[in-house]
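Student: For chain U, the structure is supplied; the task is to place chain S on it using the hints.
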Amino acid sequence: MLSHVALVSTLAIIAFLIAYLVIWNASQIVMSQVAAIYLWSHQRSNTRRARALVGQTVSRPLVSIVMPAYNEGVTIVESVLALLALNYGPLEIVVVNDGSTDDTLTRLKDTFHLLPAPRAFVQPLASAPVRGLYRSTRHPGLVVIDKQNGKCKADAANAGINTASGSLVAIIDADTILDRHALTRAITTLLEDPTTVAIGANVGIVNGCRVRDGRVEKISLPRNWWARFQIVEYMRSFFLFRLACASCNGVVIISGAFGLFRRDAVIAVGGYDTTAVGEDMDLTVRLQRHFRELGQRFRIAFDPNPLAWTQAPEDWRSLRSQRYRWRRGLLQVLWRNRHMIGNPRYGVIGMAVLPYAALFEGLAPLLELAGYVVLILGAVSGTLTPHVSLAAFAVSVLAGTGITFAAVVLSDLGTRRYMRGRELLLLIVVVFVENCGYRQLNSWWGCVGTYQTLTGKGGWGEMKRKAFEGA
Amino acid sequence: MTRFADLMFRIELAIALVMVVGVVVERAVFGCWWAWRQRTDRRYGSLVRAALDGDDAAIRALVASPARHRLILAAQLILPLIDDRNPDRIARTRKIVTTLSLVPIADRYLRSRWWWRRALALRALGLAQVRDRTASIVAALDDDNASVRAAALDSLTDLQDPASLQAVVVRLHDPSLHRGRRVAAMTAFGNACEPFLLDLAEIDVMHRTDYALALAVCGSARARPTLCRWACDSRADVRAAAFEALARVGMDDGAARLAIDALESEHESVREMAAFALQDWAGPGDAAACLGRHLQDSWRVALRAAQSLQKMGPAGLLELQAHAHRQDSAGDLARQMLWELQPQC
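Chains as they are written, first to last, in our numbering: chain U, 1184 to 1654; chain S, 2 to 346.
Simulated from the structure, these hints should not be mistaken for lab results.
Don't be surprised by glycine CBs; every beta carbon is placed ideally from N, CA and C.
Hints may be right or wrong, so weigh each one.
[Stated by the list, open to error] Chain U stretches covered by chain S per the calculated footprint, using a threshold of three residues with CB under 8 angstroms from any CB of chain S:
| # | region |
| --- | --- |
| 1 | 1232–1246 |
| 2 | 1291–1303 |
| 3 | 1539–1552 |
[What the hints assert, rightly or not] Okay, derived cross-link-like pairs now, SDA-like style, lysine to any residue, Cα gap no bigger than 20 angstroms in a straight line:
| # | chain 1 | residue 1 | chain 2 | residue 2 |
| --- | --- | --- | --- | --- |
| 4 | S | Lys312 | U | Gly1349 |
| 5 | S | Lys312 | U | Pro1273 |
| 6 | S | Lys96 | S | Arg132 |
| 7 | S | Lys312 | U | Arg1302 |
Next comes chain U alone, as it looks inside the complex (with noise of 0.2 angstroms):
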């Protein structure tokens, strides 16, 4: 009878999961066809001469990047240049020392010839007290603001924004080494669309590429197999569900990258929010929900060039803690706006993304592990059969890695990058290692940071930071 029990359940569990699996592979191959028509369509309207439009413009619109860093020494003077090397007028640079405890702020001065300087400014956003705030004898454009830690990038993108004299804010992390033509590329869409409010951006990784003056000279697949991996897994989502929501005016993670926000559209929905653990994913979704709430004709837009490089971190404890904060700043959002989730009144965004959001981005982790656990018990227990257990394994696997070279192909035709000869090769074997471990992995880091969000636990972790190759 026990057995008859077992067999029953494990039938019923293993129905439930293949069912999921069936409709999570669906979905996909829906998001990679439109993400593809959205590709397709972007790059035949982006041309060189549109981009013209920026240079054509008498009065473009001031610009302030907002880079907070805290503990960044080691690379805060290559970013710094990067920004400076941008091909676009006017700028503000606002570098926000958020408390560092190493030499971040006086590499900045050092480099950049600083003094302190009388600023004024209003601050509708709260944030720790400035300390000081300093100007550049060389660079007009450059303000560093000397604040008090807040204990997160919020509050120090916050005293940023304050300080921002732009009708535009980039934010920007402080490894991130931006595109030359970022900005104007942004701008462009601003301008033709005006109702832009925010524009998102495909973010890649600068592990294993060439910095030269704070610009990425030669584009290359890491050595490490760490940073290997996060590069399948960005494509993914930047090709994929990132695409297809842009698609659709769903955008909902602009990354903390890189993301250009009209300045008075992130005072009117609070600025970052100090408490929000993925407090990118957070600005976004409110920016969604103020301006639906608000019945207001609005974009916040994606462009699926790489206007960003970003540092991924090439050890597993850096990278652990990373994932279990990704995932308690998702489950936040999620829980924060349960409202919004099948309401019809935020349109696309309540009826398609966040559930989707909610099925699988946040569910999967954990349905994930219980298939792997089922199919355990159930080749131990005798209810399955090895040969069947197997099976079912290679088929999660498999329908991973298919999807994962639906991201290749259109990340290939998006951006042409890590594609010649050998490092094609690599990318293939990559794709298929990442499907085989590194996925299982990231689905009980996964766990642990629903563990950690349900118990309240965790906080920020540490990330070690390296040099730019070649700087």
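Tutor: The following block gives chain S in isolation, referenced to the frame of chain U:
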């Protein structure tokens, strides 16, 4: 169960393998295309340069090239014109484009059912300034596809044909066209737009704000009396836009008096733009003292006032120094502006 698992496995394996093959094929196709493109570019690069230098033999060699290479040649000839708008170069390019019979190809593309072909043709005609196609380009401003309309406006901007000026100006408020592109087109025509704008503004009172903002881009002293009249309009947005335009076209005594009076307006946007309009004013009216009083106004107005004082010259400098000792936001603004005037900046 076993059969079902096997079936699922086979399906997923097939999908994964198809995708791997897809990646390899996509890359191989692109690689081949890229190699062909590079080879063709190399083959014609020197000929195109020689043809642009007036070498008849090079032009004859280009004319003798296979028809399938025409688009590559068009790209080599026309794409550099995006950045290089030298009239001589454009004229030489247009001559070669005509000799190579590329214009009939563009005509065919203009009639294509595919929007990207229509957009491509429009951009090419505009960049090469093929002015006998102006009518077709103007007609494309009403195309069903937004990207084609955008390309048509870009094309008219590049074309700079006076015959298309009216078509551009009357579409100043057309929301189906990108705003940035409408402004870029006006900018390209410059002062030539001014008479049309002023005439249209007299008839179309509803859109006065748009006309004022357009005059801010391409207006001259000729527009000043009209702008001064609009600076007394009953609508605050029109007054603000008029002062913004006056800031660009330049002030005279009358305009400065209006701006000084407008500093006391109940509307923040009007005060802000009035402060902006006074930025270079060094004539009568004690504008500096009036602006100085607004350093304690709302943030937007105070900032504009401080910036105008900074640009105003000696009178502004004195006013800023008078406020620099204060410990409030007016003092902060004054100190910031004075710091920025120091030699290290």
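Student: Output the indices of the hints that this structure fails to meet, ascending.
Tutor: Structure breaks hint 3 only.
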